[in-house]
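Number of protein chains: 4
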Amino acid sequence: MTSVGILNVTGYAGSELARLLHGHPHVQLTGVTGRSAAGKRLPEIFPHLWPIDLPIAESLDGVDVVFSALPHAAAVEQLLPYIDAGVPVIDLSADFRLKRVDEYEAFYKVTHPAPQLLQRAVFGLPELHPDEIAASKLTAVPGCHATGVILALAPAFAAGIIEPAVVADTKTGLSGAGRTLGLNVHFSEADENVAPYALDGHRHLPEMTQELGSLAEAPAPEITFVPHYIPMTRGILSTCYAQLRPGVSLDRAALMRIYRDYYAGAPFVHVSDAPPSTKHVAGTNYCVVHPSIDRRTGRVVVASAIDNLGKGAAGAAVQCLNVMLGLPETAGLQSLALFP
Amino acid sequence: MTSVGILNVTGYAGSELARLLHGHPHVQLTGVTGRSAAGKRLPEIFPHLWPIDLPIAESLDGVDVVFSALPHAAAVEQLLPYIDAGVPVIDLSADFRLKRVDEYEAFYKVTHPAPQLLQRAVFGLPELHPDEIAASKLTAVPGCHATGVILALAPAFAAGIIEPAVVADTKTGLSGAGRTLGLNVHFSEADENVAPYALDGHRHLPEMTQELGSLAEAPAPEITFVPHYIPMTRGILSTCYAQLRPGVSLDRAALMRIYRDYYAGAPFVHVSDAPPSTKHVAGTNYCVVHPSIDRRTGRVVVASAIDNLGKGAAGAAVQCLNVMLGLPETAGLQSLALFP
Amino acid sequence: MTSVGILNVTGYAGSELARLLHGHPHVQLTGVTGRSAAGKRLPEIFPHLWPIDLPIAESLDGVDVVFSALPHAAAVEQLLPYIDAGVPVIDLSADFRLKRVDEYEAFYKVTHPAPQLLQRAVFGLPELHPDEIAASKLTAVPGCHATGVILALAPAFAAGIIEPAVVADTKTGLSGAGRTLGLNVHFSEADENVAPYALDGHRHLPEMTQELGSLAEAPAPEITFVPHYIPMTRGILSTCYAQLRPGVSLDRAALMRIYRDYYAGAPFVHVSDAPPSTKHVAGTNYCVVHPSIDRRTGRVVVASAIDNLGKGAAGAAVQCLNVMLGLPETAGLQSLALFP
Amino acid sequence: MTSVGILNVTGYAGSELARLLHGHPHVQLTGVTGRSAAGKRLPEIFPHLWPIDLPIAESLDGVDVVFSALPHAAAVEQLLPYIDAGVPVIDLSADFRLKRVDEYEAFYKVTHPAPQLLQRAVFGLPELHPDEIAASKLTAVPGCHATGVILALAPAFAAGIIEPAVVADTKTGLSGAGRTLGLNVHFSEADENVAPYALDGHRHLPEMTQELGSLAEAPAPEITFVPHYIPMTRGILSTCYAQLRPGVSLDRAALMRIYRDYYAGAPFVHVSDAPPSTKHVAGTNYCVVHPSIDRRTGRVVVASAIDNLGKGAAGAAVQCLNVMLGLPETAGLQSLALFP
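Residue numbers (this note's numbering), protein chains in the order written: chain W, -9 to 330; chain S, -9 to 330; chain X, -9 to 330; chain D, -9 to 330.
Think of the hints as simulated: they come from the structure by calculation, not from any bench.
Be aware that a few hints might be false.
You can't tell identical chains apart in this list, so a pair holds if it fits in one copy or across any two.
Unchecked claim - The calculated lysine to any residue pairs, modelled on SDA-like cross-linking and capped at a C-alpha distance of 25 Å, are:
| hint | residue 1 | residue 2 |
| --- | --- | --- |
| 1 | Lys99 | His12 |
| 2 | Lys99 | Glu122 |
| 3 | Lys127 | Pro209 |
| 4 | Lys30 | Leu171 |
| 5 | Lys127 | His12 |
| 6 | Lys99 | Leu171 |
| 7 | Lys30 | Ala149 |
| 8 | Lys30 | Ser262 |
| 9 | Lys127 | Asp190 |
| 10 | Lys127 | Ala75 |
| 11 | Lys99 | Leu70 |
| 12 | Lys89 | Gly29 |
Produce the complete structure using the sequences and hints provided.
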């Protein structure tokens, strides 16, 4: 059994990680931290975790792998000692996702304290970077919207069939806004409501550009990305639109083949004949992808569904752990969706 | 007082019409029909309408104006006698929205029984066609998605600032699917879920093309339109994306000015500085429109919010009535949103 | 037109009052206050109120009637000058609901600053106290749970058919918790959840005992009252249980008659043959009451449905205004429910 | 590995059973039936079950244990051959829950085709009947409301501290109504709504009386039971009220001790110091019970939370399987709740 710990267990990504690791056959969760709750025990903060009766400590000691669910900037600071000590690290913040420090600093409005680590860190999407993750000691779990959009478009970019101009319109459950209180997630105002946000540029955008750009031939993708809050707790549905490149002519079956081939070895991506529903992946690490073509306009439309706390955060982190440790990629992640 | 009647009051558009007409200061609802419920009284079908204690009849007699909430094809058949008799008709179905009978027949898979009426009918969007509606005796209330998308993009097309290639991504509450039962609107399956539908071409698409095309210089709009069901009852949020035309350079303030000027005389369109929320228009005939520009890609992004049963159906029908009868445009429609 | 003002418009009861008063044919809303938002305009806090473009002031000047949506303790303090000046006051807090100052102080844990006013104040339930309200200059709108439970049980207590031991189990939408942020109304935690609260005694309990006790012959009611939060925004469903008194034998029709007679003159109480649904009263001042008998156990079971912000708060306040001013009791309150 | 099959997998209890059995370490799901879908494969009906790629057959062959998720009456008919053949059977319908055939026939309005089996069948609540279930070949999983109410009150009845007069008020998510379509579970009508139902006697009532009566000294419990539909998918919150018996005086700590002692050996019942939330048990086989005392009235108030498809149906069925087969009671049931 590998001993693992979680920095900042007190948010939703942290508590979901605790839930998943508790059921993992090859690892043992031995320590958790959470500044605001230090001194309490985990079930005092999350009653549903009552069998995980760990104290919430100030720091992690003697763990074989460190997960961090800290917010950006705080993550890199607290993780540096572990990184320096050679402990494998899986970080759920944005601190190690981007290769270009200027993009990080432009979108996050902070100075990166350890930019030299950015080239060493690996973008934690095993569907795109399996070998690098297997060899990595510093893995950055992608942003939830980025995961949904990249998995929707990667096969099309890799096959060179679409233009770089992309519209990505995502609909996310409100657990994506975290456990921090706010009027936009106050039940009475969020219930029966939908609204776009971050119209001036959401922070997950540069991850999409970086990763899809690495798959595409020049020129780089030009993505307009607009997320929307919808009245549910878990799930992201990403609907992505791009024009077929001039001269590319393919029917639905051929498009489906491109997608099925691309994800042939990916145990968590399900290329579906039917439009995806987030409810079919609730609580899981699965992603359902449905590519289609709008014949009238010659546009490819791809929709993907993930659980933002599963494949969009904690599930992906466990998947990365499995790849890093050489375990079966699906270990601890085989539960099916809670439906209905 | 003008006497009005409703054909097929037993769906959500019909019951919402009854609610609005009951509170209208200048008209009186004197008759309602509804085949499946004929012989019962209205409050037996809709308990919330208990003060409107009308019998559900087989037909309407002696009304000054007829509203139809019948489904397409059934509408034209039942309306023909009223049209022939010169009774003003306001139809909420698709039967009189499109000018081109081939488009109607391609999207609705039925033969139109009275195509000669299509040129006489007026598209019931008073923001675009006030004078025609004022002179009309046959007004077709637009589809709910069409209203949201057309109001979002009309100023930009009229100003000639955007390319014809448009992506329209809408998120609709489930009352849009009507009162007919189905697994996709079964609570346990629709709750906590989001999914795209009609990926092969939704029926409201040709209305968008027709109306926005009439505003644009050639070439015609090429719209990819994808609606999504989200877990709420009322409301449509439409997010629309289009590239600025080459050579067009404008900042946010200039874009806002174009929109504010275009809707200067429209009492129900509110051009907003902040992103729209459907909850701010629940139960009303208002439409909130928020235009913005994605600087990185040179795209205009416009979001609009309506209540699909309000401005998207029954509210719009009452607004058309007001214009047709020469009443104040806002009569009976001044309630503010039920918030929260 | 009577000029009215609202103290503390920035919560949900305040904004609902503004919405209702805006549509009232005989009054004009001329001033609003709200300490945290003073200096802003009302639509900056509540965009859905954009046609009510009033400044949020520090105090009200020159109004004919004052509504207060302040929290308890703050209400009495700010209202004293108006009361002293003889201005009619309608208070939505608990400060003037209870006759016994010891009960107030035990439940609210504060010293009442003006206990001498308690005997002068009138409990603002026009179904029980029409004449007193008509003559009142200080009316206390009941708590939302109290309204639901009292209206459910008043006819049975007045008729002397039930024992004093009562169980009142209420299910309330989350707008009842107000606009103040908290984990219990954080969307992700309140959604898909139900839980009881205030098991050690909710503050609306003494109102129920006081009012139902005034209708009953001795001994006084012994009420166990447990409220529950359920995942919706508006509405309270109250289910009340009491044993028939020994020797009382009546069938369902007779029970229904007692209820129909009791509420014969009450325009907002609808005694229904079918179990009530909160959705049938959303946005209204109506209360649906459904009395029944459990034959097996000889218990009366009465369920009532109200909108907690309507008949449970702002609607009731407007109804009291109408009665106090000698206006038609239903003025400004005739909108039907927003359904679905 | 024990081979198991499910009769009628096409409802929510059936699909939840399939999900749980798929993750069970000691059994293998080898067959499923479902008349309406015979000939299809399981993932065609439930896409979230794609790894369980079984054909939906007409009958089960060669399984070691049979689960039935058939409706009552149909269950006993289809199960008779298995029972006769000595195959262990776990039935989720009401057909084998009641000892008295007259009660069954009064509540279910059908003639029981095999009343002789009723005495042989065991009521499948391992917290009350562990040894009988261990020895049983015919186990009847209790109704979901019955489980919530019985677990809430069993310790109090067993300890003889409460009077027989009981009020049980339950609030259930809409998956409890099953997958059959209906207006009461149509999203637009069920959303933002709460209503009581079955006021003339719900079918789970006789199970409560039977089981609690077997624990109590005479006289038998007199239960008024009213269920309510609330707008969520999973979970039942049961709030139960009973008077302390004359002469019984105990404080909260003593009450808690009674409950903790009673459930000391029950791995799935968590006696909690805080009021229960259904969200803390979503997707699990756990039951959270919170006993309290209303000092003012001398009443015990006990609230319990379960997942109606977990401990209320499929989870309980798997727990019974474990007990019947001598497996660890928690095998396959250790997942923690999906929170938030």
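Structure-based check of all given hints:
Neither within a single protomer nor between protomers do Lys99 and His12 lie at most 25 Å apart by alpha-carbon distance, with minima of 36 Å and 44 Å respectively. When the C-alpha separation of Lys99 and Glu122 is checked against a cutoff of 25 Å, the pair qualifies neither within a copy, at 29 Å, nor between copies, at 53 Å. Proximity of Lys127 and Pro209 under a CA criterion of 25 Å is satisfied in neither setting, with 32 Å inside one chain copy and 55 Å between copies. Both within a single protomer and between protomers do Lys30 and Leu171 lie at most 25 Å apart by alpha-carbon distance, with minima of 21 Å and 23 Å respectively.
Proximity of Lys127 to His12 under the C-alpha cut-off of 25 Å is restricted to the intra-copy arrangement: shortest distance 22 Å within a copy versus 34 Å between copies. For the identical chains of this complex, Lys99 and Leu171 are intra-copy neighbours only, at 22 Å inside a copy versus 27 Å across copies, given an alpha-carbon limit of 25 Å. Taking the shortest Cα distances, Lys30 and Ala149 never come within 25 Å of each other, neither inside one copy (52 Å) nor across copies (34 Å). For a Cα distance limit of 25 Å, the shortest separation of Lys30 from Ser262 across copies, 17 Å, qualifies, whereas the shortest one inside one copy, 45 Å, does not.
In this assembly of identical chains, Lys127 and Asp190 lie within 25 Å of each other by CA distance neither inside one copy nor across copies; the values are 34 Å within and 45 Å between. Taking CA atoms no more than 25 Å apart as the test, Lys127 paired with Ala75 passes inside one copy only; the shortest distance there is 11 Å, against 58 Å between copies. With identical chains, the CA atoms of Lys99 and Leu70 are at most 25 Å apart within one copy only, with a shortest distance of 20 Å there and 50 Å across copies. Taking the closest pair of Cα atoms, Lys89 and Gly29 never come within 25 Å of each other, the shortest separation being 37 Å inside a single copy and 46 Å across copies.
This entry does not satisfy hints 1, 2, 3, 7, 9 and 12, going by the numbered hints stated previously.
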